[in-house]
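Using the sequences plus the hints, can you model the full thing?
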Amino acid sequence: MKHIYLVVLFFFVSTLGFSQNAQASADIQGFKLFPNPVTQGKVFIETAENSPKQIFIFDVLGTKVLQTTILGKELNLSGFDKGVYILRVIENNNVATRKLIIK
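Take the sequence shown: its letters are residues -24 to -1, 1 to 79, numbered as in mature numbering (1 follows the signal peptide of the UniProt record, and there is no 0).
Because the hints were derived from the structure by calculation, they are not lab data. Please note that the accuracy of each hint is not assured.
[What the hints assert, rightly or not] Think about it this way: if two alpha-carbon atoms lie no more than 27 Å apart in a straight line, the pair counts; the simulated DSS-like pairs of lysine-lysine are:
1. K8 with K79
2. K8 with K40
3. K18 with K75
4. K58 with K8
5. K58 with K40
6. K79 with K58
7. K79 with K40
8. K49 with K75
9. K79 with K49
10. K49 with K8
11. K18 with K40
12. K58 with K18
13. K18 with K79
14. K49 with K18
15. K75 with K40
16. K75 with K8
17. K75 with K58
18. K8 with K18
[To be verified] Simulated DEER-style distance windows between Cβ atoms:
19. Q16 with N69: 30 to 36 Å
20. Q43 with G17: 28 to 34 Å
21. E25 with K58: 30 to 36 Å
22. K75 with E25: 22 to 28 Å
23. E25 with K79: 27 to 33 Å
24. K18 with T73: 19 to 25 Å
25. V60 with F20: 27 to 33 Å
26. F10 with L42: 14 to 20 Å
27. K58 with Q5: 29 to 35 Å
28. S27 with N52: 18 to 24 Å
29. E25 with D57: 28 to 34 Å
30. I46 with D3: 15 to 21 Å
Predicted, not measured: the structure shown is a model, and the values here were computed from it. Heads up, the beta-carbon is just placed ideally off N, CA and C, and yes, glycines get one too.
Set out below in structure tokens:
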């Protein structure tokens, strides 16, 4: 059963990387995500521009579990179950996709 989840996760991550929309160009300059793994319920997302960011979080099955916009650097994830997620950040038509672990 674990193998099936790993295959689905790999497929999903691969699909996210290749299916960026035409408006999005490259990875976000100066992108930092910390702490990862998340242990205190908060994660900080820093970029060189620090403009408003659209945040999308997907579970390992590809279901969108969060869609929000943040103006600062802090994102509260205290309501999330422990597990592996995919974080997608869009800032000024640039996209960054990372694996997010919540412990």
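- Task: Tell me, in ascending order, the numbers of any earlier hints that this structure violates.
- Result: Violated: hints 20, 25.
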